[in-house]
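A.B. asks: What follows is the residue order along each chain.
Protein chains: 2
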Amino acid sequence: MTPLRQEVIQAVQAAQSAARILAQAPTEQKNTALQAMAHALRRAEPDIVAVNQEEVASAKADGLSGAFVDRLTLTPARFQEMVASMEAVVALPDPVGQVISRWHRPNGLEIRKVRVPLGVIGIIYEARPNVTSDCAALCIKSGNAVVLRGGAESFRSNQAIRAALSQGVHSVGLPEAAITTVPSAARAAIDVLLELDQAIDVIIPRGGEALIRKIVESSRIPVIKHAKGVCHVFVDEAADLTMAQQIAINAKCQRPATCNAMETLLIHERIASAFLPQVITALRQAGVEIRGCERTRALMPDVAAATEADWSTEYLDLVLSVRVVTALDEAIRHIRTYGSAHSDAIVTEDPSHAERFVREVDSAAVYVNASTRFTDGFQFGLGAEIGISTDRLHARGPMGLEELTTYKYVVIGSGQVRT
Amino acid sequence: MTPLRQEVIQAVQAAQSAARILAQAPTEQKNTALQAMAHALRRAEPDIVAVNQEEVASAKADGLSGAFVDRLTLTPARFQEMVASMEAVVALPDPVGQVISRWHRPNGLEIRKVRVPLGVIGIIYEARPNVTSDCAALCIKSGNAVVLRGGAESFRSNQAIRAALSQGVHSVGLPEAAITTVPSAARAAIDVLLELDQAIDVIIPRGGEALIRKIVESSRIPVIKHAKGVCHVFVDEAADLTMAQQIAINAKCQRPATCNAMETLLIHERIASAFLPQVITALRQAGVEIRGCERTRALMPDVAAATEADWSTEYLDLVLSVRVVTALDEAIRHIRTYGSAHSDAIVTEDPSHAERFVREVDSAAVYVNASTRFTDGFQFGLGAEIGISTDRLHARGPMGLEELTTYKYVVIGSGQVRT
Chain A
1 MTPLRQEVIQ
11 AVQAAQSAAR
21 ILAQAPTEQK
31 NTALQAMAHA
41 LRRAEPDIVA
51 VNQEEVASAK
61 ADGLSGAFVD
71 RLTLTPARFQ
81 EMVASMEAVV
91 ALPDPVGQVI
101 SRWHRPNGLE
111 IRKVRVPLGV
121 IGIIYEARPN
131 VTSDCAALCI
141 KSGNAVVLRG
151 GAESFRSNQA
161 IRAALSQGVH
171 SVGLPEAAIT
181 TVPSAARAAI
191 DVLLELDQAI
201 DVIIPRGGEA
211 LIRKIVESSR
221 IPVIKHAKGV
231 CHVFVDEAAD
241 LTMAQQIAIN
251 AKCQRPATCN
261 AMETLLIHER
271 IASAFLPQVI
281 TALRQAGVEI
291 RGCERTRALM
301 PDVAAATEAD
311 WSTEYLDLVL
321 SVRVVTALDE
331 AIRHIRTYGS
341 AHSDAIVTED
351 PSHAERFVRE
361 VDSAAVYVNA
371 STRFTDGFQF
381 GLGAEIGIST
391 DRLHARGPMG
401 LEELTTYKYV
411 VIGSGQVRT
Chain B
1 MTPLRQEVIQ
11 AVQAAQSAAR
21 ILAQAPTEQK
31 NTALQAMAHA
41 LRRAEPDIVA
51 VNQEEVASAK
61 ADGLSGAFVD
71 RLTLTPARFQ
81 EMVASMEAVV
91 ALPDPVGQVI
101 SRWHRPNGLE
111 IRKVRVPLGV
121 IGIIYEARPN
131 VTSDCAALCI
141 KSGNAVVLRG
151 GAESFRSNQA
161 IRAALSQGVH
171 SVGLPEAAIT
181 TVPSAARAAI
191 DVLLELDQAI
201 DVIIPRGGEA
211 LIRKIVESSR
221 IPVIKHAKGV
231 CHVFVDEAAD
241 LTMAQQIAIN
251 AKCQRPATCN
261 AMETLLIHER
271 IASAFLPQVI
281 TALRQAGVEI
291 RGCERTRALM
301 PDVAAATEAD
311 WSTEYLDLVL
321 SVRVVTALDE
331 AIRHIRTYGS
341 AHSDAIVTED
351 PSHAERFVRE
361 VDSAAVYVNA
371 STRFTDGFQF
381 GLGAEIGIST
391 DRLHARGPMG
401 LEELTTYKYV
411 VIGSGQVRT
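Those sequence lines, one after another, are chains A and B.
The opening position of the first sequence corresponds to residue 1 in our numbering, with each subsequent residue numbered one higher.
The opening position of the second sequence corresponds to residue 1 in our numbering, with each subsequent residue numbered one higher.
Since the hints were derived computationally from the structure, they do not count as laboratory data.
Among these hints, one or two may not hold up.
Every beta carbon over 10 Å from chain B, so not counted as near; a handful from chain A, in silico [as the list claims (entries may be wrong)]:
id, residue
1, Ala77
2, Ala188
3, Glu237
4, Ile249
5, Ala286
6, Gly287
7, Tyr338
8, Asn369
9, Ser414
In silico lysine-lysine, DSSO-like type, Cα no more than 27 Å apart, as pairs [unchecked claim]:
id, chain 1, residue 1, chain 2, residue 2
10, B, Lys214, A, Lys113
11, B, Lys228, B, Lys214
12, B, Lys214, A, Lys214
13, B, Lys113, A, Lys228
14, B, Lys113, A, Lys113
15, A, Lys228, A, Lys214
Glycine is no exception: its CB is placed at the ideal position from the N, C-alpha and C atoms.
Kindly generate the complete structure, drawing on both the sequences and the hints.
C.D. replies: In structure tokens form, the structure reads like this:
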């Protein structure tokens, strides 16, 4: 066994032992741990920031992009946010131990379905040090141990954050390995991690498509993916056009780099001549580049032509594809063909159209008369978010504390045997 | 692309198209389909049985084991059971469309979490033709399409059953590809299947450990495993010993070849001298071979010595390992070390011991004063069972219709945009 392999396995096994203890920890102890973690973070701020500044300098020297360097940088405001997020998790309800349902069988057996932690959660992410503390907070609160592997460029920042957090965990009598970082920045460490299906219960990757595809292909551990969001807003013939324009602008412009931002606007042909020029003009005023279908361009000849590839592209930018459709059916078909089943909206005043859209569009979040930008754990009222699942298994859409749990059946008898 | 590859991909794509239609099918239509499927099965009985008899003859000629041939054989009684199971699914509640929860946000958004089908379910199993119709029934009722791949030795029986079922589905206006069998008995067809993560939503393998391990290692599709059951009964110092003996005998002997049968009996040292000789004598009278720890052998010197390997062995037979433990702690530790987190029981009259056992033993089903044999979808009152998950993700323990669904969020607004 290579030293790297041995080191990764040892770290993960320590996390596994810690998970067993954490699963039993009472809510009060977990909350005290979170407070101690926040306190330790604040105390370690100068050290963490110093290490982070060195890594930021290296990243700049290596010619990494401005966006990359920005995500890597722990500004004072971001540091404050990290601490505040941790403290906010204290107030959230503890899902562990919750009785999901309970019933009796004719033979007198009582069956309870009880929420329990998943166990050990592996998070693989890019060079964003704040993810380290956000994920640690949610895992501790939900009774899970976490194994964190951030991007190599933030390796030392993550180690420094983890050291502070582990100290907080340790100070309340919980095992510090409940928060574990992979002890190597080498790419090969991830390969070892993904083999450890006896010790890690789920992998949640957070990052670009290429990273996620690679993880899915090489993992023996179940993966909950956060893949791309090609989100649509369909403006129905029966839409309130003022509302439709507000929703379209919000869904595209309010924060275009997020997965729940609109990438394609679909417009019913009956209202196209009234609505399309006005919404495109407004979007352009907001700085949006438009790529349209032939019918869009017939109404607005200066719009660039959308290619077939545009319909399935997640721009994550102020770019929008626009298509005129003949009816609700074509809108649904377009979304099924090109969408990513993330978040899709209809704007309509016709309840039967709304109902069909909601039933036939099978996305994690389907909206009637609201912006797709609400697909978010905080906006949904979950109080937290470890990611947005684009998978269908275990969890779908925004994942909060409950989605970091599973259940067990507790069966209470009085001597029942099977006949 | 090889012809085999092309053939498998085409079959799965047809299932994917069918899934979209099935997801929208009303309960009434699905129930009528199930009745038509049962009817078609009954009508096709002579043809199916004739094909099955040829396959049974081949299996015998190939020298396959008696147990293998038995599982392959469709006796008249088994055929009747297949039809009856299908009809029983009609009466079960349809999980699709159920509103799991619903809440309002301060901005007026209404959020509904609504149950929807998983999509396309792949089942890989051994040469047991009745699995073909059982799984098809549950998938149709839960609005899913199913892609079935049974053992090569039952290839033609499965094709004949599928043909009858598809005819039933078709007769009520649903797409016959909702029930699809992999069109090749070649092992390579499974490899192709496991790559199709864009079309198949989940793989449920049913079979031995080796089959399941192989599938997990090569699948890009999420797998819900039904792995082994090394189940324990712990007889506490505070147990009712008459009850304990009844539970032990039932858990071991009532059907020893099942995954929820007991494989290890743990006995508290304080009651060992009173209980151990009597329970071992009774188990032996029922034909059970005993393998004991040193302390067991001190009380019953003619018991064979258990090896380290015995503690983690799923005998699936009338063999039992027995260990005397010093206390509840050691029992829990033993179960964590050697168990498979399937089904474990404590027999005790002490509520605090029961509570600790239930909290600290993290198995899919944890029992107090009842036989482990109840871990079963029918016994739990789910009305059906597609398998028993030993995984922690998505579903755990007995899986019925609900476990074949996921959810989507439906968000109803009145023009809300994000600020």
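A.B. asks: Give a verdict on every hint.
C.D. replies: Each hint, compared with the structure:
1. At roughly 19 Å from the closest C-beta of chain B, the C-beta of Ala77 of chain A stays outside 10 Å, upholding its exclusion from the interface.
2. Chain B leaves Ala188 of chain A outside its interface by the beta-carbon criterion, the shortest separation being 19 Å against a cut-off of 10 Å.
3. Every Cβ of chain B is farther than 10 Å from the Cβ of Glu237 of chain A; the closest lies at roughly 17 Å, confirming the non-interface assignment.
4. With 10 Å as the threshold on Cβ separation, the claim that Ile249 of chain A sits away from chain B is violated: the shortest Cβ distance comes to roughly 8 Å.
5. With 10 Å as the threshold on Cβ separation, the claim that Ala286 of chain A sits away from chain B holds: the shortest Cβ distance comes to roughly 13 Å.
6. Here Gly287 of chain A stays apart from chain B, with its beta-carbon at least about 17 Å from theirs, past the 10 Å limit.
7. Chain B leaves Tyr338 of chain A outside its interface by the beta-carbon criterion, the shortest separation being 14 Å against a cut-off of 10 Å.
8. With a closest Cβ-Cβ approach of about 4 Å to chain B, Asn369 of chain A is found to fall inside the 10 Å limit, against its non-interface label.
9. With a minimum CB-CB distance of about 6 Å to chain B, Ser414 of chain A fails to clear the 10 Å threshold, and the non-interface call is violated.
10. The hinted pair formed by Lys214 of chain B and Lys113 of chain A fails the criterion: a straight-line CA distance of about 31 Å is larger than 27 Å.
11. Of the pairs offered as hints, the one joining Lys228 of chain B and Lys214 of chain B holds, with about 15 Å between alpha carbons and a cut-off of 27 Å not exceeded.
12. At most 27 Å may separate the alpha-carbon atoms for a hinted pair to count; Lys214 of chain B and Lys214 of chain A meet this at roughly 20 Å.
13. The suggested pairing of Lys113 of chain B with Lys228 of chain A holds, with an alpha-carbon distance near 22 Å, which does not exceed 27 Å.
14. Using a Cα cut-off of 27 Å, the hinted pair Lys113 of chain B and Lys113 of chain A holds, with the two alpha carbons roughly 19 Å apart.
15. For the hint linking Lys228 of chain A to Lys214 of chain A, the alpha-carbon distance of about 15 Å falls within 27 Å, and the restraint holds.
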